[in-house]
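A.B. asks: Residues per chain are reported as follows:
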Amino acid sequence: MDRAATAEKIAALIAPFNKKGIAVTDATSFAGDLEFDSLTVMDFVAEIEDAFDIIISMNQQAEIETYGQLVDAVVKLQG
Amino acid sequence: MTDLFSKFDPIIAQRAGLLATGITDPFGLVMEQVISPTVALCNGRETILLGTYNYMGMTFDPDVLAAGKQALDDFGAGTTGSRCLNGTYSPHKDCEEALKTFYGMDHAMVFSTGYQANLGIISTIAGKGDYIILDIDSHASIWDGCKMGDAEVVPFKHNDIDAMEKRLKRIPEGAGKLVILEGVYSMLGDIAPLKEMIAIAKRHGAMVLVDEAHSMGFIGPNGRGVAEDQGCLDDVDFVIGTFSKSVGTVGGFCVSNHPKFEIMRLVCRPYVFTASLPPSVVATAATSIRKLMHAADKRAHLWANSRTLHQGLRDLGFQLGTAEPVSAIISVIMPDLERGAAMWEALLHEGLYVNLARPPATPAGMTLLRCSLCAMHTAEQVQTIIGMFERAGKKIGII
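Taken in order, these protein sequences are the chains called F and C. For the first sequence, position 10 (counting from the first letter as 1) is numbered 10 according to this note's numbering, and the numbering increases by one without interruption. Every position in the second sequence, counted from 1, becomes a number in this note's numbering once 79 is added.
Simulated from the structure, these hints should not be mistaken for laboratory data. Please note: incorrect hints may appear among the correct ones.
If the Cβ cut is set under 7 Å, some of the chain C residues that face chain F in the computed set are [stated by the list, open to error]:
id, residue
1, Val-232
2, Val-233
3, Arg-249
Simulated crosslink set (DSS-like; lysine-lysine; CA at most 27 Å straight-line) [as the list claims (entries may be wrong)]:
id, chain 1, residue 1, chain 2, residue 2
4, C, Lys-281, C, Lys-245
5, C, Lys-274, C, Lys-248
6, C, Lys-236, C, Lys-207
7, C, Lys-172, C, Lys-339
8, F, Lys-9, C, Lys-248
9, F, Lys-9, C, Lys-245
10, C, Lys-179, C, Lys-339
11, C, Lys-148, C, Lys-370
12, C, Lys-179, C, Lys-274
13, C, Lys-148, C, Lys-179
14, F, Lys-9, C, Lys-236
15, C, Lys-226, C, Lys-248
16, F, Lys-20, F, Lys-9
17, F, Lys-20, C, Lys-236
18, C, Lys-248, F, Lys-76
19, C, Lys-86, C, Lys-226
20, C, Lys-179, C, Lys-370
21, F, Lys-19, C, Lys-236
22, F, Lys-76, C, Lys-236
23, F, Lys-9, F, Lys-19
24, C, Lys-281, C, Lys-226
25, C, Lys-226, C, Lys-339
26, C, Lys-274, C, Lys-236
27, C, Lys-179, C, Lys-281
28, C, Lys-207, C, Lys-226
29, F, Lys-76, C, Lys-245
30, C, Lys-236, C, Lys-248
31, C, Lys-207, F, Lys-76
32, C, Lys-226, C, Lys-245
33, C, Lys-226, F, Lys-76
A short list of chain F residues far from chain C (calculated; beta carbon distances all over 10 Å) [unchecked claim]:
id, residue
34, Ala-4
35, Ala-7
36, Glu-8
37, Leu-13
38, Ile-14
39, Val-24
40, Ser-29
Note that CB positions come from ideal geometry on N, CA and C, so glycine has one too.
Excised from the complex, chain F in its bound form (with noise of 0.2 Å):
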């Protein structure tokens, strides 16, 4: 799947979780701008891995603050 397959897939998935509605740029940061919480995160990242057939571990998640970061290591990950 290319970057903007990927992009638009996580945009899809992000929806439910982006509480006010805020426009995602890649430069949305998950923890500041959606105020995701360790919970949020959990439920979210779950999604993520079964929705790509991926494992995001958590070494690579604390790497990655911003939507645009996510789709990049989405894209790599599934190689």
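Using the hints, position chain C against chain F.
C.D. replies: Leaving out everything else, chain C in the frame of chain F:
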């Protein structure tokens, strides 16, 4: 200068806000005198202890106390040394023998605390390039063990067999895998479907570590824990346990049948770079462990207590952590921290001590009043406890 403590400001404010309501500090309780495994003097009031993890009531067992006193006389107050230098005395080896017999396993290694046992074993055996697959509700010592090591850490939803299997399937071919589970999860007092989970872990070539801290002594035909109870202890590679619950003192351990297990004594840093337990502590532990092997009557009474309290609290209308009593922990779910703290204080005024548990220790941001029963609680005490919950619950408006 940046004050390094400014990161704690939110919790300082939350705590100040709670105490400003005039409530007794739930995290500042002092016991002036401990009368028995089930009763202590708190603020001058005789208080029933229902939050101590003293499941089998071994803290005042006469044989246990005698063994400790003898070891104090024979070996002194402490070892002043690491287990692998000058800190191994014959009572340490005897304690490890008692553990091997208790679990029917080839190897036993005693750590200074249960926290260190998880920290040490997990961080040492799962290294760079290996994968740890663990339940998201795992104890802090398990998480810290993961954080201290170099393995990739992959959590899955609590007790979710499918979520665990999906993640195991996605791990790269050939990578080392360690699945970490607990027998009893101490916050809600629920148990894991170990039989199914361990079978799947083995099918995917993973080694399995099970923390049985909250089940030792009373779950399973020989008190070996949930894995024994579900008939899958033989498939567990490492059992982690503690002396600070049913055993009644302090310390931690790992038992295993792995043929190379003894090398841990040289490579496991939380074992090597700390002082060993005082000889009196391991002597009390060894005596207690051996007595726990023949404690069927106490086990039966503890289960009766658990069933009675669970039924009593449910009948009163409290929301509990499990639908059925499956361990010695009965967790009462509070609507929020404020009312949880008020209920905790009302119970203390009634003469009952329970644990107030709050995030981040609890799952899903819950506030809990955690009750842990003891085999030494009498049937009358359990009825008294139910009455206390009724009065306090009505006073605070929870039931």
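A.B. asks: In terms of Cβ atoms, is chain C entirely out of 10 Å range of Leu-13 of chain F?
C.D. replies: holds, 16 Å
A.B. asks: Over 10 Å to the closest beta carbon of chain C is the bar; see if Ser-29 of chain F clears it.
C.D. replies: holds, 18 Å
A.B. asks: Taking 27 Å as the top limit, are the C-alpha atoms of Lys-19 of chain F and Lys-236 of chain C close enough?
C.D. replies: Judged against 27 Å, a Cα distance of about 22 Å means the pair holds.
A.B. asks: Is Lys-179 of chain C close enough to Lys-274 of chain C, meaning Cα to Cα at most 27 Å?
C.D. replies: holds, 22 Å
A.B. asks: Starting from Lys-226 of chain C, check that the Cα of Lys-248 of chain C is at most 27 Å away, please.
C.D. replies: holds, 23 Å
A.B. asks: Within a Cα-Cα threshold of 27 Å, do Lys-236 of chain C and Lys-207 of chain C meet the stated pairing?
C.D. replies: Satisfied, since the Cα-Cα distance of roughly 24 Å is no more than 27 Å.
A.B. asks: Decide if the proposed pair is consistent with the structure: Lys-172 of chain C and Lys-339 of chain C, CA atoms, cutoff 27 Å inclusive.
C.D. replies: holds, 18 Å
A.B. asks: Between the alpha carbons of Lys-226 of chain C and Lys-339 of chain C, is the straight-line distance 27 Å or under?
C.D. replies: Given that 27 Å is the threshold and the Cα spacing comes to 24 Å, the pair holds.
A.B. asks: Hey, Lys-207 of chain C versus Lys-226 of chain C, does the alpha-carbon distance stay inside 27 Å?
C.D. replies: It holds: about 12 Å lies between the C-alpha atoms, which stays within 27 Å.
A.B. asks: Can the restraint linking Lys-9 of chain F and Lys-19 of chain F be considered satisfied, given a maximum Cα separation of 27 Å?
C.D. replies: holds, 18 Å
A.B. asks: Between Lys-9 of chain F and Lys-248 of chain C, is the straight-line Cα distance small enough, at 27 Å or below?
C.D. replies: holds, 22 Å
A.B. asks: Hey, is Glu-8 of chain F genuinely clear of chain C, shortest beta carbon separation above 10 Å?
C.D. replies: holds, 22 Å
The structure is consistent with each of the numbered hints, conforming to all of them.
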